[in-house]
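2 protein chains.
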Amino acid sequence: MRAEIISIGSEITSGQNLDTNSQWLSRKLAEMGISTAYHTTVADDLEANIEVFRNASQRADLVLCTGGLGPTQDDLTREVMAQVAGVELIEDLESLEYIKSLFLKRGRVMPDRNKCQALFPKGSEVLFNEMGTAPGIWMKINRAWFGAMPGVPSEMFVMYEKQVKPRLGKLGIQGGVFVQRKINTFGEGESAVEDKLLDITKRGHVPEVGITASDAYISLRIFARGSNLQQVQEIIEPVEAKIRERLGDLVFGTEDQKLQDAVVHLLLEKRKTISVVESVTGGLVSHYICQVPGASQVYAGGITAYQNRIKIDELGVPESLIREQGVVSLEVAIDLARRCRLKFGTDLAVSTVGYAGPEAGDDPAKPVGTVFSALSFEGGETTKAHHWLGTRDEIQTRTAKIALNLARLYLMKL
Amino acid sequence: MRAEIISIGSEITSGQNLDTNSQWLSRKLAEMGISTAYHTTVADDLEANIEVFRNASQRADLVLCTGGLGPTQDDLTREVMAQVAGVELIEDLESLEYIKSLFLKRGRVMPDRNKCQALFPKGSEVLFNEMGTAPGIWMKINRAWFGAMPGVPSEMFVMYEKQVKPRLGKLGIQGGVFVQRKINTFGEGESAVEDKLLDITKRGHVPEVGITASDAYISLRIFARGSNLQQVQEIIEPVEAKIRERLGDLVFGTEDQKLQDAVVHLLLEKRKTISVVESVTGGLVSHYICQVPGASQVYAGGITAYQNRIKIDELGVPESLIREQGVVSLEVAIDLARRCRLKFGTDLAVSTVGYAGPEAGDDPAKPVGTVFSALSFEGGETTKAHHWLGTRDEIQTRTAKIALNLARLYLMKL
Numbered sequence: 001m002r003a004e005i006i007s008i009g010s011e012i013t014s015g016q017n018l019d020t021n022s023q024w025l026s027r028k029l030a031e032m033g034i035s036t037a038y039h040t041t042v043a044d045d046l047e048a049n050i051e052v053f054r055n056a057s058q059r060a061d062l063v064l065c066t067g068g069l070g071p072t073q074d075d076l077t078r079e080v081m082a083q084v085a086g087v088e089l090i091e092d093l094e095s096l097e098y099i100k101s102l103f104l105k106r107g108r109v110m111p112d113r114n115k116c117q118a119l120f121p122k123g124s125e126v127l128f129n130e131m132g133t134a135p136g137i138w139m140k141i142n143r144a145w146f147g148a149m150p151g152v153p154s155e156m157f158v159m160y161e162k163q164v165k166p167r168l169g170k171l172g173i174q175g176g177v178f179v180q181r182k183i184n185t186f187g188e189g190e191s192a193v194e195d196k197l198l199d200i201t202k203r204g205h206v207p208e209v210g211i212t213a214s215d216a217y218i219s220l221r222i223f224a225r226g227s228n229l230q231q232v233q234e235i236i237e238p239v240e241a242k243i244r245e246r247l248g249d250l251v252f253g254t255e256d257q258k259l260q261d262a263v264v265h266l267l268l269e270k271r272k273t274i275s276v277v278e279s280v281t282g283g284l285v286s287h288y289i290c291q292v293p294g295a296s297q298v299y300a301g302g303i304t305a306y307q308n309r310i311k312i313d314e315l316g317v318p319e320s321l322i323r324e325q326g327v328v329s330l331e332v333a334i335d336l337a338r339r340c341r342l343k344f345g346t347d348l349a350v351s352t353v354g355y356a357g358p359e360a361g362d363d364p365a366k367p368v369g370t371v372f373s374a375l376s377f378e379g380g381e382t383t384k385a386h387h388w389l390g391t392r393d394e395i396q397t398r399t400a401k402i403a404l405n406l407a408r409l410y411l412m413k414l
Numbered sequence: 001m002r003a004e005i006i007s008i009g010s011e012i013t014s015g016q017n018l019d020t021n022s023q024w025l026s027r028k029l030a031e032m033g034i035s036t037a038y039h040t041t042v043a044d045d046l047e048a049n050i051e052v053f054r055n056a057s058q059r060a061d062l063v064l065c066t067g068g069l070g071p072t073q074d075d076l077t078r079e080v081m082a083q084v085a086g087v088e089l090i091e092d093l094e095s096l097e098y099i100k101s102l103f104l105k106r107g108r109v110m111p112d113r114n115k116c117q118a119l120f121p122k123g124s125e126v127l128f129n130e131m132g133t134a135p136g137i138w139m140k141i142n143r144a145w146f147g148a149m150p151g152v153p154s155e156m157f158v159m160y161e162k163q164v165k166p167r168l169g170k171l172g173i174q175g176g177v178f179v180q181r182k183i184n185t186f187g188e189g190e191s192a193v194e195d196k197l198l199d200i201t202k203r204g205h206v207p208e209v210g211i212t213a214s215d216a217y218i219s220l221r222i223f224a225r226g227s228n229l230q231q232v233q234e235i236i237e238p239v240e241a242k243i244r245e246r247l248g249d250l251v252f253g254t255e256d257q258k259l260q261d262a263v264v265h266l267l268l269e270k271r272k273t274i275s276v277v278e279s280v281t282g283g284l285v286s287h288y289i290c291q292v293p294g295a296s297q298v299y300a301g302g303i304t305a306y307q308n309r310i311k312i313d314e315l316g317v318p319e320s321l322i323r324e325q326g327v328v329s330l331e332v333a334i335d336l337a338r339r340c341r342l343k344f345g346t347d348l349a350v351s352t353v354g355y356a357g358p359e360a361g362d363d364p365a366k367p368v369g370t371v372f373s374a375l376s377f378e379g380g381e382t383t384k385a386h387h388w389l390g391t392r393d394e395i396q397t398r399t400a401k402i403a404l405n406l407a408r409l410y411l412m413k414l
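Protein sequence lines correspond, in order, to chains W and F.
Anchor point for the first sequence: position 290 equals 290 in the UniProt record's numbering, and the numbering is continuous, going up by one each time.
Anchor point for the second sequence: position 253 equals 253 in the UniProt record's numbering, and the numbering is continuous, going up by one each time.
The shape of chain W in the complex, shown without the other chains (with noise of 0.2 angstroms):
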């Protein structure tokens, strides 16, 4: 069973609007059990839409399309079906009258080019739309079904729901239960992680298993299928299990968590207090936590230490220091986060420095890219330093990730 999604529309080729109906609808696919092998977008070209549809008929089993069903010139959706087809387009009453009544609500008179929704290719049902004034269709081209649906989100979605979704269902193409689960993991890169589990991530094996990597969060993705969701689990748990095992704490959540939901997590369970001090960071690690729910209950605050001097006057890091070690420097990193948390009074406390560039700092020994963490508790500290390659952004948003680390590294171990 495969399924291809078909947006039709020349704002979309252009690049003026972004599609987010085809992820929408995969996703809805997925949860029936039927998994999207393509997703297509056309301009508004007769030749080249008649091409589409005529290769989609012959590659997929079912055919979801958006777009091409309104009233002007580029819509030609109802067109292109009945041509691959090889059928003519009759006129629907039903429909036409239904599209005259939603003009008189409105206290108007259909306009003659509306005429042209109520058209359909022979052989074809019609998808009420109780949304808008263009009808869908739903009929078998080839070895596929398609259904044609607008490309107005709002009106799409009802479509689906009350329109196509049921029709999914009669044909028996449901193949049960698709559940996917995804593991995240943060501190070694794509091919580390992946060299661990060349077993389960291998082509052929099942469940599949796929990894990604996200601004360096490299997360697994099981892909499981079986008739019902207990079915499911099973195929999946022993793979999530093997996984965990391999990976250790390189796992730090699943689906959407991200780090700072795990920190928060655990600074919740372990009771304990954090603060955050920030050079190369600029207030993201700050940011980071504030965004978890409940972070007020263990977060204090903290200090973004841009310039030296704050560095100096706020947090007392003795200017000898920085001159001998240079500010970005392990030393000056552990300074900071030890006298972050002894001025704020928590348990934990974090630091970064570093050079985001674009620019170099002054020392050619630390390139753009060279970032220093620490973390400060009662008793000593754990520390990392790395080098990014990257954007500015990209520079900051990892450091803000390894300040993170090593706060979630150090609570999973109390």
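Simulated from the structure, these hints should not be mistaken for lab results.
Same chains, same label: a pair holds when it works inside one copy or across any pair of copies.
30 angstroms max Cα-Cα, derived DSSO-like pairs, lysine-lysine:
hint : residue 1 : residue 2
1    : Lys-100   : Lys-122
2    : Lys-242   : Lys-115
3    : Lys-182   : Lys-115
4    : Lys-272   : Lys-343
5    : Lys-100   : Lys-366
6    : Lys-115   : Lys-384
7    : Lys-196   : Lys-115
Got chain W sorted already, so can you dock chain F onto it with the hints?
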């Protein structure tokens, strides 16, 4: 000249991630007068990829692909291009050395997995990746030129600009010119902004002007087409001038500029310095300012005074003021900003307090979404009280924008 854009990855076809690369690339091609006829997204499946690439090589003149160039087993683009072109994969020593050097820079040895990233279809050119380990591929297959780039947006952006775009120029496949001009505003809602521009944003206006809202920024986009850049500029300029005249100080920038860019630019121009004290925004105002290269010249630093005791101990806000007015009040916002300005010795300071939710505060008269911001300067202050509807994240990001906007409006009048 017909272009096709291919995105590769099951995380996109499954609906887990939203594809934004295709839109970005379509816009870039449009700027060069190249129109995109198709977007195709395909899962990490060898046969489906081969079919998609073969199809594109026959129906398009230019094909830009993103994704599938990583070091893992589900990265198939190298193999797919070689198979469709009917050539073998050969190792590029220079690329291999470069990838190794990237790992060395971080003090690590290249994992064996990454070796495959130095493999290229015979006869192709290497697209150098200065942002990461995945080089791109440039080659002609059947009638189409292919440019394969990484899926990570930051890597793709740079590779497109530095490697692909110059090659498009050399091929002579640019047509006329298509320019989109974006004007960004903050301070009023979408309909209030449009009310001032109804004659310009109406359908059929030449040039076309669209209006979009994104996280409290309202942007106007002017779309113009012509045979050369000068002609297009002459179409855009009078419309832009009219928009700026109507909207006045709501306009803070163009294209990708954000409020923090305007604020840092104004601070540099007027030779003023700023500091920040944040409660509800938790470090986000500070982070926004530090996103701007060169911020260290004008930004001293900031304090996230998240818990009340930090407001009292670190800033010296009188406990009685908090008790009498409530911590979420205009009075506390003003007091925080004043004390922050004196503490950090800056010309300006901004503050934020409020309730971001999801849990409500103690005062039923101040529901979730109630926020106050103040700007302190020598001799006075400006303030803004607002009530946002939305999620915790929306309340935080939008309130940070209110604080930046207070600074911008003040600096503009200096």
